[in-house]
Each structure stands twice: as structure tokens, then as C-alpha cells.
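Participant: Given next are the chains, with one letter for each unit.
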Amino acid sequence: MEERTRAYLRGRFRDHYRRTEITPPPAANEREWGFIPWTDSPGTTMVRHRSLLELGDLSEFLVRKRPRHVYFSAGRFRDPGASSMGEKDWQSADLVFDLDADHLPGVTLGEDTYAEMLATCKDALFRLLDFLENDFAFEDVEVVFSGGRGYHVHIRDENVRHLEREHRREIVDYVRGIGLDFDELIETETVAGLGRRTPTERRHLRIDGGWGKRIHEQFMAFVDELLDLENEAALERLQAFDGIGEGKAEATLNAARNNREELEAGNVTVHTAVAQLAERFASRAVERDNAPIDEPVTTDTNRLIRLPGSLHGGSGLETLRLDRDEIDDFEPLSDAVPETFRGQEIAVDVTDGGEVELGGDIFTVSEGDQSLPEYVGVFLMARGRAEKEKE
Amino acid sequence: MQRLHARYPFLEAARETVATEAVDLATVVEREEAVVDRATQRVITALEDGDTGEPHRDHRVELLSYPVARVLVSMVGENVLVRKYARAEAATAYDRFIEDIEDTTELKSVETAGLDLEALFAEFDLREAIHGPVDGEYRIDVGTYLPLAADLWDDEWRLVNQPLERGEVPVDEGELLALLREGIRERIEDGLPFDVPETIAADLEAEAAEIREVLADLDLTREIDTVVPDLFPPCMKALLDQIQKGEHLPHHSRFAITAFLASIGMTTDEIVDLYRVNSSFGEEMTRYQTDHIRGDTSPTEYSPPSCATMQSYGDCVNKDDLCERIPHPMAYYEERIDDAEDEELEDWREGEADEAESAGD
Ligand code: SF4
Numbered sequence: 001m002e003e004r005t006r007a008y009l010r011g012r013f014r015d016h017y018r019r020t021e022i023t024p025p026p027a028a029n030e031r032e033w034g035f036i037p038w039t040d041s042p043g044t045t046m047v048r049h050r051s052l053l054e055l056g057d058l059s060e061f062l063v064r065k066r067p068r069h070v071y072f073s074a075g076r077f078r079d080p081g082a083s084s085m086g087e088k089d090w091q092s093a094d095l096v097f098d099l100d101a102d103h104l105p106g107v108t109l110g111e112d113t114y115a116e117m118l119a120t121c122k123d124a125l126f127r128l129l130d131f132l133e134n135d136f137a138f139e140d141v142e143v144v145f146s147g148g149r150g151y152h153v154h155i156r157d158e159n160v161r162h163l164e165r166e167h168r169r170e171i172v173d174y175v176r177g178i179g180l181d182f183d184e185l186i187e188t189e190t191v192a193g194l195g196r197r198t199p200t201e202r203r204h205l206r207i208d209g210g211w212g213k214r215i216h217e218q219f220m221a222f223v224d225e226l227l228d229l230e231n232e233a234a235l236e237r238l239q240a241f242d243g244i245g246e247g248k249a250e251a252t253l254n255a256a257r258n259n260r261e262e263l264e265a266g267n268v269t270v271h272t273a274v275a276q277l278a279e280r281f282a283s284r285a286v287e288r289d290n291a292p293i294d295e296p297v298t299t300d301t302n303r304l305i306r307l308p309g310s311l312h313g314g315s316g317l318e319t320l321r322l323d324r325d326e327i328d329d330f331e332p333l334s335d336a337v338p339e340t341f342r343g344q345e346i347a348v349d350v351t352d353g354g355e356v357e358l359g360g361d362i363f364t365v366s367e368g369d370q371s372l373p374e375y376v377g378v379f380l381m382a383r384g385r386a387e388k389e390k391e
Numbered sequence: 001m002q003r004l005h006a007r008y009p010f011l012e013a014a015r016e017t018v019a020t021e022a023v024d025l026a027t028v029v030e031r032e033e034a035v036v037d038r039a040t041q042r043v044i045t046a047l048e049d050g051d052t053g054e055p056h057r058d059h060r061v062e063l064l065s066y067p068v069a070r071v072l073v074s075m076v077g078e079n080v081l082v083r084k085y086a087r088a089e090a091a092t093a094y095d096r097f098i099e100d101i102e103d104t105t106e107l108k109s110v111e112t113a114g115l116d117l118e119a120l121f122a123e124f125d126l127r128e129a130i131h132g133p134v135d136g137e138y139r140i141d142v143g144t145y146l147p148l149a150a151d152l153w154d155d156e157w158r159l160v161n162q163p164l165e166r167g168e169v170p171v172d173e174g175e176l177l178a179l180l181r182e183g184i185r186e187r188i189e190d191g192l193p194f195d196v197p198e199t200i201a202a203d204l205e206a207e208a209a210e211i212r213e214v215l216a217d218l219d220l221t222r223e224i225d226t227v228v229p230d231l232f233p234p235c236m237k238a239l240l241d242q243i244q245k246g247e248h249l250p251h252h253s254r255f256a257i258t259a260f261l262a263s264i265g266m267t268t269d270e271i272v273d274l275y276r277v278n279s280s281f282g283e284e285m286t287r288y289q290t291d292h293i294r295g296d297t298s299p300t301e302y303s304p305p306s307c308a309t310m311q312s313y314g315d316c317v318n319k320d321d322l323c324e325r326i327p328h329p330m331a332y333y334e335e336r337i338d339d340a341e342d343e344e345l346e347d348w349r350e351g352e353a354d355e356a357e358s359a360g361d
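Just so you know, the protein sequences line up as chains Z and A, in that order.
1 is the number of the first residue of the first sequence in UniProt numbering; add one for each residue after it.
1 is the number of the first residue of the second sequence in UniProt numbering; add one for each residue after it.
Accuracy of the hints is not assured; some may be wrong.
[What the hints assert, rightly or not] Result set (DSBU-like, lysine-lysine): computed pairs, CA atoms no more than 35 Å apart in a straight line:
#	chain 1	residue 1	chain 2	residue 2
1	A	319	A	245
2	A	237	A	319
3	Z	65	Z	122
4	A	319	Z	213
5	Z	213	Z	248
6	Z	248	A	319
[Unchecked claim] Far from chain A, by Cβ distances over 12 Å, these chain Z residues were calculated:
#	residue
7	115
8	126
9	136
10	240
11	241
12	265
13	269
14	339
15	383
Treat the hints as calculated values from the structure; they're not laboratory data.
Even for Gly, the Cβ is constructed at its ideal location relative to N, Cα and C.
In isolation and in its complexed conformation, chain Z is listed as follows (with noise of 0.2 Å):
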């Protein structure tokens, strides 16, 4: 990047602080803050360490500093400017995920277009978000647009604060449902028996809740399907499965016909068949809904993260909090475009042109000097693909 594309960048993103009123995190001045300058070396140098006491009011920081990138960390401290962790006094620190187009599985890298990961990103969020509202039942819960490649979720609930790395590992793994043992999922139960017949055991599907809930409700739509086919279709669809045979499709077939009931209640000790079918449900169930995260932002309690409000330096774009209501419709190529780059249109010298959505529309970039709208200029100069043409 050229020194005038920077000091254009400079300049612009100190207009767009100007205008722009930012709400920092709850108890700002517990967190360490960090940011990247506009420097022309090609590795990028964190500024860290700085607890808000030295930055100053954050607004007038944002306006005199312009930074590129700016960030906080989950984590509060005693001693939030101090230079080494031990000092800073770790007291606790929010519940962070992330969620990353360059992570997801479903995303082919170098060929989906900008959009289309992002839209990948948000369908893997509302997944985490199920995990998040009804499982965790978390309820300080904030969403944010990163600017970049995909969603933050920041969890501030009081009673989980406090975890440490390992707890947040446990949480990690519940929603990428890595670890999930179909076995540990079967409660076993002693049931008397009746007249002459010796005690057996019931083993009952845990549906009450967790992965066993979504084994369970994968199984049973499998179930109701099944009954909806004639008998050849089933018995076919079954035995597509593997290891499972004629003998067992058939047991299967008729313990779904005869004990829908049984089944629907998380028995799956009907037949010894239908055990084993359930079981495969568990691993569809965590390829459909678990949640893609980014494990080590979640687990690493010391993490510093992109400013709600800021501007994205590699992007131009905002970075976003969401209303839990708004996330639905948000189409974060035209909602995070600041409003400091519409409207007028800036002189840009292209060198590595081609399709760019932004602002509800698509452009097809040529290589070389043109006129562009500021924002899709702002969006080539962040990403390094075109520069400010000389004056």
C-alpha cells in the first residue's frame, strides 16, 4: 500500500470517527484495549496493553489515533495496562465466539464469492445461536457483524464469567459436538419383572435435552418417513444403511409401525436394530447442527476482539451489532457500509480488479484509474487491490 492510499485511509476513517458515536463494552476500563496503526511494514504490530485510563475517552482516542484495526479483551483485569498477564490480575472474562468464512466447512475458499461465505457464516450462526438461547439458556447475549469474514457472539452472563480455559473447552465441544458418545447418551433403568420373568433393563435415549434431543427428533423424522413408504421402499431405505440387513430392516419397520409410541418416548431398546439405526443419527445430527467455531478465541480467556462500532481496516466496512431481531434480514454487504462512504465517489487506480457486491450492488471492476463509489474504492484500497490515484 502507498503512503497516499494510507493517509487517504487515515483521513477517512478519522472523518468517520468524527461522526460517529461509539458505545464501549461494559466495564471498559477492566479490559486491555489494543490497536494496529496505519505503519507501512508489511507485518502488522499490535499496539496492546493499554488500559482506556491511558487511551483516554474512547471517542476522541478513535478521532486522534484513526487506527486500522482496534480491539478489547474479553478478559477484565485488576491491572489492565500492565505488561505481562501475571501483572494485569485476571478477574474474569466474557464467553467470546467467532465465527469465520475461512474456518466453515461448506465454504470452498477461492471460489465463493464474499456474499456467499458470509451467508454460509450466518446460516452456522443461528446454529450456534440455538446452542446459545436454549441449550446455555445464556441470556446477555451480543451479536456483532465483524466487518470482516463473519460473526462475534460475546457472552457476558454473570455465572459463566468466570470459567477458565478448560471449562470453555467443554463448551466448545458441546456445540461442535466433538467428543459426543452415543452411549453416554443411554440411561439405563432396572424395570421389574412381571410374574416369572427376570428384571430387564430399559435403556432410555436421553431426549430431555442436549445432543440426545437432536439425535432424537433426526431419528423419528427418519421414522415418520419410513412409515409414509410402502413396505418395499422401506425395507429399501433401510437397508441402504450399512449393516443393517433384511432381518433387521423388517424388525425395524415393524417396531416403527407397532411402537411408534415407545420410540417417540426415547426408547430405543425396542430391538436391538433399532438401537443401532439411532445410533447413526448421532453423527448426522452433529454434522447438520453443530456450530463451526473458531475454538481458540473461545477457550483463550485473555483474547482481545474487533471493537463493536469501529471500522474494519481490511474491509472498510463497520463492525456491527446486531439486535437479536435484525440478524434475520441483515445483509452485512450493504448494512455495514458506513454512511461516511456513501454518497460520493473517489479516484482509485486498480491493480487487481474483478467482481465486488457491496452496497446492494455488484460491480465489475476493470484494472486501472476510474472513478468508483468511496466505498467500493475504500473496500479495493483495505484489501490492497487498488491504491489512491495520484492527484
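Starting from the structure of chain Z, add chain A with the ligand where the hints point.
Facilitator: Coordinates of chain A with the ligand only, in the frame set by chain Z:
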């Protein structure tokens, strides 16, 4: 009260009693042989039998022996002792409150000197976090559950296998008691070992020496402080092999092997040395990561991932028979070490030391 405190000396109220009764621990240590004897027995039985032994019939002696036992554990200062001791104290407390709970239900008496669940909840500030029971099932807030279950390795405790719903994990009474035992263990471990004032330490040298001897005889330190790469679980062997060949490993793999090595007692320097077989590795990075994992540069000490996690990252390779029976690579290694004859174990570090010496000749 005395009896209750003697039975459960880790209770907050018991600590207060001690503070008022024995104004000065130094005087107790100096003058009250019975207390010191019982304290020593507490620690030694903890090591040998995994509980704290027969209580002294005098409640006061029994109660005072607990803080003195903590002093002894601190003087010896070995991590393995702290762990074994805390586990034994917690196991004893657990047996006792199971007894108490049964008594209470049998006698339906309110005047029992025992501890009931309510009192334990209050003690550990759990009243808000535990709900029920309904049909014999309690529900515990997930934020409370996770730290309590953290050291229970069995897969059944893993959150992913829990029917978590509305932020609560259901547990039956047996599971709840096991979680409370963990809470007790943690409280006992908390703050151990501490710095013992000279005046007190001087009077307890003989007892501390006796404990050190028992510890040495049991050779418990070996359990977690022996480096025999041949006995590593297959996954760790494979990872180490790749590092030594200079291959680049993804973050989670590097984390797994480094956390494993740190957990079996290797220092950062030793890990750097072990990785160094091939010279092209990033020493600086290794140091940084290792210090981090060991908790030197971060508030937490990280433990290596479980088999389930290793599997999901594709790091579980070449599984063998023992792998089928264990939930965790650490469990694998501990079992292998336990099975091996002492003479067979040559610590990798000793080999290194020999080499270093001969090189110095
Ligand atoms: S089963 Fe566990 S110990 Fe064995 S190779 Fe796999 S991860 Fe390692």
C-alpha cells in the same frame, strides 16, 4: 459443633473455630504432641490409603490436626503430595457425609451432628445454582457444573454428553455427591502449598522428613514425572515423531503434544531439547507456547486434550488395545508406567544428562 468441625475441618465455620481456639498455631505445634502426631498420620495415611485414617477421639485434637496437616503438606511442597492429600481429605469427607445423609433420613432427626445437603450447598455457595430435586433429579447450572466436573475424566461427565437444557445439567443424587466431593477437593487444594513461617517449620522438621520418606518409598512422583517416550500413547508418539522430523504441525496438534509433555513433568527447556532432534524447529515459538501451556505466562495451566478431542481433530492415530480402555492420553501413559517394572524405566532426561556429561569430559 466441635464434633461437626472435627469431622469436616475444611468448613468455613471450622476454620473460624480454629482461629478462636488456637490463637497461635506455632504454640500448638510446639506444645501439643497429640495434634502433631495426628496431623502426620493424616498426611501419611492419605498417601498410603487414600483417606485420612482413624479420627482422634478428642474433637479438639482432631480439628487442630487439619491446619497442621496443611502445614506439613506445604513444607514438603510436592505437587503430587498436594493432589493425593486433597483427594484423600475429600474422599474421607465424602464417606462421612454419605453416612450423615443416611443417618438423617433413617432417624428423621433434626438434631443430628451431621452435615446435610443443604448445609453443603450453603457452604459452597451453591444454593442458587442447584435446583430440585424433582423425581430424584437435581439440576445444576452449567457455569457451576463445569468447574466441578473438570477433573472427572470419564466421558460421562463431558458436557457434550449431558442433556443440557435451559442452562442446566440434570444430575442424580450420586452424581451430585461426586460433584460436591470435587468442590471439597478443590477447596482443600486451594492455597496449597503455602509459605510456612520459620518458627512453625522448625518444630515440624522431623515430621516433614518422615512424610518425604514415605513419599519417596511410594515413588508417586514417578507417576507424573517420568519421561519414557517408548511408553507414550500412539498419538503422542506420532506427533513427537513429526516434530522431530521437522514437519510443520497445525496448532491443535502442537498444543496437544506440548501440553502432554508439560503434564508429565517436563520443563520448557526439556521440551525444547526434545523437539530439537531436527534443528529446523522454531525454538522461540516453542518456548513461548510451552510457557503459555504451563501457565507461566497465562493464568491457567492447560491440560492435554482427551481422546475424544484428539479423535475429532484427527490426531488419534495407531490406536492399540489399551486405547480402547482409556478416555485420555494421560491415562494411557499412567497405566503404561504403572505396568512397567521400575528397572525398565529409563527417563529420557537421564539419558540426556549422561550424554551431556560425557560430552563435557
Ligand atoms: S485412543 Fe487416546 S491415547 Fe490412544 S491414540 Fe487415540 S488419542 Fe491417543
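Participant: Does each hint hold? Answer for all of them.
Facilitator: To see whether the hints hold, each was checked on the structure:
Distance check on the hinted pair: residue 319 of chain A and residue 245 of chain A sit about 21 Å apart at the alpha-carbon level, within 35 Å; holds. Straight-line distance between C-alpha atoms of residue 237 of chain A and residue 319 of chain A comes to about 11 Å, which keeps the hinted pair within the 35 Å bound. The suggested pairing of residue 65 of chain Z with residue 122 of chain Z holds, with an alpha-carbon distance near 32 Å, which does not exceed 35 Å. Proposed proximity of residue 319 of chain A and residue 213 of chain Z is supported: the alpha carbons are some 31 Å apart, at most 35 Å.
Proximity of residue 213 of chain Z to residue 248 of chain Z is assessed by CA-CA distance (about 24 Å); at most 35 Å being required, the pair is judged to hold. Between residue 248 of chain Z and residue 319 of chain A the CA atoms are separated by roughly 30 Å; this keeps the pair inside 35 Å, and the hint holds. The claim that residue 115 of chain Z lies off the interface holds: its Cβ sits roughly 29 Å from the closest Cβ of chain A, which is beyond the 12 Å cut-off. At roughly 19 Å, the least C-beta separation between residue 126 of chain Z and chain A is larger than 12 Å, which holds for a residue marked as non-interface.
At the 12 Å boundary, the C-beta of residue 136 of chain Z falls inside the reach of chain A, the nearest C-beta of that chain being 5 Å off. The claim that residue 240 of chain Z lies off the interface holds: its Cβ sits roughly 26 Å from the closest Cβ of chain A, which is beyond the 12 Å cut-off. The beta carbon of residue 241 of chain Z is kept farther than 12 Å from every beta carbon of chain A, the shortest such distance being approximately 22 Å. Every Cβ of chain A is farther than 12 Å from the Cβ of residue 265 of chain Z; the closest lies at roughly 14 Å, confirming the non-interface assignment.
Residue-level check passed: residue 269 of chain Z sits 18 Å from the nearest beta carbon of chain A, beyond 12 Å. Separation of residue 339 of chain Z from chain A is adequate, the least Cβ-Cβ distance of about 39 Å exceeding the 12 Å criterion. Separation of residue 383 of chain Z from chain A is adequate, the least Cβ-Cβ distance of about 25 Å exceeding the 12 Å criterion.
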